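Those sequence lines, one after another, are chains A and B.
In this text, residue positions in the first sequence follow our numbering: the first is 7, and each later residue adds one.
In this text, residue positions in the second sequence follow our numbering: the first is 8, and each later residue adds one.
No lab work stands behind these hints: they were computed from the structure.
Predicted model, so just to flag it, every value in this text is computed and none were measured.
Wrong hints could be hidden among the right ones.
Straight-line distance between alpha carbons at most 30 Å, and here's what the computed DSS-like set of lysine-lysine pairs gives [said to hold, decoys possible]:
no., chain 1, residue 1, chain 2, residue 2
1, A, Lys-188, B, Lys-62
2, B, Lys-79, A, Lys-154
3, A, Lys-199, A, Lys-341
4, A, Lys-154, B, Lys-137
5, A, Lys-190, B, Lys-143
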Amino acid sequence: MLPGAEILIKCLEKEDVEVIFGYPGGAALEIFDALRKSTQIRQILNRHEQGAAHAANGYARASGKVGVCLATSGPGATNLVTGIATAYMDSIPIVFITGQVSTSMVGTDAFQEVDITGISDPITKHNYLVKDARQIPRVVKEAFYIAKSGRPGPVLIDILKDVCADTIEWEECTNIELRGYKPKVTGHLGQIKQVSELIQEARRPIICAGGGVVSAGASAELLQLAEAQRIPVCNTLMGIGSIPQNHPLALGMLGTYGLAVPNMAVQQCDLFIALGMRFDDRVTGNTDKFAPGARIVHIDIDAAEIGKNVRVDVPLVGDLKVVLNQLNTRIQKKKNIQWWQEIDALKEKYLHEIIPAAAELSAVEVLTGLNGVLPTNAIVTTDVGQHQIWAAQLLEMKTPRSFISSGGLGTMGYGIPAALGAQIARSEHPVIVITGDGSFQMGLPELGTALEQELPLKVLLLNNQTLGMVKQLQDNYCESRYTAVHFKKNPDFQSIARAYGALGLKVTKREELLEKVKQFVQYPGFVILEVIVSNKDNVYPVVLTGGGLHEMTGLGKDEDE
Amino acid sequence: MRHTLAVLVENSPGVLSHVAGLFARRGYNIESLVVGETEDQTVSRITLVVEGDEKVIEQVGKQLNKQVEVIKVNDITNEEMVERQLLLLKVGADPSTRQDIMQLVEIFRCRIVDIGRRSLIVEATGDEEKIQAIVKSLQPYGIQELVRTGKVAMVRGQK
Numbered sequence: 007m008l009p010g011a012e013i014l015i016k017c018l019e020k021e022d023v024e025v026i027f028g029y030p031g032g033a034a035l036e037i038f039d040a041l042r043k044s045t046q047i048r049q050i051l052n053r054h055e056q057g058a059a060h061a062a063n064g065y066a067r068a069s070g071k072v073g074v075c076l077a078t079s080g081p082g083a084t085n086l087v088t089g090i091a092t093a094y095m096d097s098i099p100i101v102f103i104t105g106q107v108s109t110s111m112v113g114t115d116a117f118q119e120v121d122i123t124g125i126s127d128p129i130t131k132h133n134y135l136v137k138d139a140r141q142i143p144r145v146v147k148e149a150f151y152i153a154k155s156g157r158p159g160p161v162l163i164d165i166l167k168d169v170c171a172d173t174i175e176w177e178e179c180t181n182i183e184l185r186g187y188k189p190k191v192t193g194h195l196g197q198i199k200q201v202s203e204l205i206q207e208a209r210r211p212i213i214c215a216g217g218g219v220v221s222a223g224a225s226a227e228l229l230q231l232a233e234a235q236r237i238p239v240c241n242t243l244m245g246i247g248s249i250p251q252n253h254p255l256a257l258g259m260l261g262t263y264g265l266a267v268p269n270m271a272v273q274q275c276d277l278f279i280a281l282g283m284r285f286d287d288r289v290t291g292n293t294d295k296f297a298p299g300a301r302i303v304h305i306d307i308d309a310a311e312i313g314k315n316v317r318v319d320v321p322l323v324g325d326l327k328v329v330l331n332q333l334n335t336r337i338q339k340k341k342n343i344q345w346w347q348e349i350d351a352l353k354e355k356y357l358h359e360i361i362p363a364a365a366e367l368s369a370v371e372v373l374t375g376l377n378g379v380l381p382t383n384a385i386v387t388t389d390v391g392q393h394q395i396w397a398a399q400l401l402e403m404k405t406p407r408s409f410i411s412s413g414g415l416g417t418m419g420y421g422i423p424a425a426l427g428a429q430i431a432r433s434e435h436p437v438i439v440i441t442g443d444g445s446f447q448m449g450l451p452e453l454g455t456a457l458e459q460e461l462p463l464k465v466l467l468l469n470n471q472t473l474g475m476v477k478q479l480q481d482n483y484c485e486s487r488y489t490a491v492h493f494k495k496n497p498d499f500q501s502i503a504r505a506y507g508a509l510g511l512k513v514t515k516r517e518e519l520l521e522k523v524k525q526f527v528q529y530p531g532f533v534i535l536e537v538i539v540s541n542k543d544n545v546y547p548v549v550l551t552g553g554g555l556h557e558m559t560g561l562g563k564d565e566d567e
Numbered sequence: 008m009r010h011t012l013a014v015l016v017e018n019s020p021g022v023l024s025h026v027a028g029l030f031a032r033r034g035y036n037i038e039s040l041v042v043g044e045t046e047d048q049t050v051s052r053i054t055l056v057v058e059g060d061e062k063v064i065e066q067v068g069k070q071l072n073k074q075v076e077v078i079k080v081n082d083i084t085n086e087e088m089v090e091r092q093l094l095l096l097k098v099g100a101d102p103s104t105r106q107d108i109m110q111l112v113e114i115f116r117c118r119i120v121d122i123g124r125r126s127l128i129v130e131a132t133g134d135e136e137k138i139q140a141i142v143k144s145l146q147p148y149g150i151q152e153l154v155r156t157g158k159v160a161m162v163r164g165q166k
């Protein structure tokens, strides 16, 4: 006979859980008490539930395993909401467990009671309210299966306090039957044939690799397809690293904040092969103007994504790794020579070296400098804003799961906690956070977790005293009338570094930049490098609202100054 | 166009709110929704009438299918089917009009299920058209209260 909470922990152990990120509280008392006894599970005490959620996210993304996050009822649960939504938008497998008030108190507006299954319904793949301890083994088993299978995503388990205390006989759940949930793995043969014919016929094909390539572990299959016919590959923000960014076939990030070359190429292509991506508006620009001359093949595990945002000529639903393998057996070699001449012409036209002109340092030259000394096994997390876009454009990530950024939800304050999760998952890899002074102050509490866990995080803080991306939006859409984007006062970030036991480095002049960046990357411990950068730079070129991908503003060399 | 969807779901708490929530947040319009147990106690059947073009209905179907508790979605709009709604209607009736109303009720093959001093309650089942017709013909007598279910539907023959 065991109490529900101990059964819960045993079930988590059966799912090979090694780490739980979380924050305790009254309704989760029994669960934390049971967790104390586990020798398998390492419990990380975060500084805020949202930080715990993002840490579980970073852990899941770096490791490829299901992240686990534990919080109490009421505010503990609501503090998770942004983290759950972040995971949902980026299809990250996380099991969230929340304590809930006791059965007798449910529905009475009891202290710290909130209907978290109701609140989280639109942002979870599935959720459970556990009212009986006997349900725990099945619910945990189902939750992990649902979180990681098909299109991955967050699942929430809300457990009543008295259920955690109830003592019952533990019966392990070995078999689950979900008749309403049967992810499709293998691609439809007729469609495979159609797609392979389209690829064979295409004269100007392009592949767009999304986050699905990363989550399906299909990078090798993607490369095989691309290399067989020398098909250029662009990527979404979530697809970074699915192909080495310095690969000769790689064009870089597509989208309204993407690079000119892939954007122009997509508008000229005659076959757009979408792999594990969902045609987000930041990727397509104006959908009416998207890839006007192209047939569109959409390969995704989620049937509901097909045809949701853009017309699709051939859909193909299934697990990318499996489907690409099916496809690759049918693909013959081809070189697309003429197409590459066109692409090389685009490169000629739009790729030019960035020569710093202003007296002030630009974030772009800092990130270019970082790229030059980035260890090949580095994992980079970012926050959200201009620094994120520049990092996504400039850093040459070489492996999947090495670039971790909040794509769909665009959650500021994500970078630092995600990095600590990634560092815990991959202790041997250097983990670098790229952040701005706005985002840094949202993620700041989790520096405490990094300190406590003795994690050698490397935080690159691009300080421009400005919420740069919002400022840019105000430049583009409010005729540069700035509101609430300039911080008149910021804390002394060097003191913060000291307070959290990190080495503080600071760069204000161009001459110091490369040396300090090198020192930063090579430092074996917790380090924060603050670089004072200009707040005048904008991410250019860019596609403004309503524009097609080819209608980029700020393309010329001189325009963006 | 209006579509009729027959949706089989797990008969467990919270399913209806998941489905209704999905419609609300994706901006789909539910015209009517009826839910009840089926021949299998663990399965409920939701009959949904949804307004939307082909693209919207396709998304509705896919999004419903994505729900873990949704077992099967069938768009039966173009099938040969039997469809029924239930109507309860309280109509004003004094001795001078009572006979007329009873005649109408007879013609439509519905029933009077309660007689009050100044009103009658009429119960009717039928498809959308019939229900509309009954309501329209009883309107002149003064409808005091009206309640109707959404539509339930079943495909004819062996399916």
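Results of checking the hints against the structure:
1. A:Lys-188 with B:Lys-62: It holds: about 24 Å lies between the C-alpha atoms, which stays within 30 Å.
2. B:Lys-79 with A:Lys-154: holds, 22 Å
3. A:Lys-199 with A:Lys-341: holds, 20 Å
4. A:Lys-154 with B:Lys-137: violated, 50 Å
5. A:Lys-190 with B:Lys-143: violated, 50 Å
Of the numbered hints listed earlier, those contradicted by the structure are 4 and 5.
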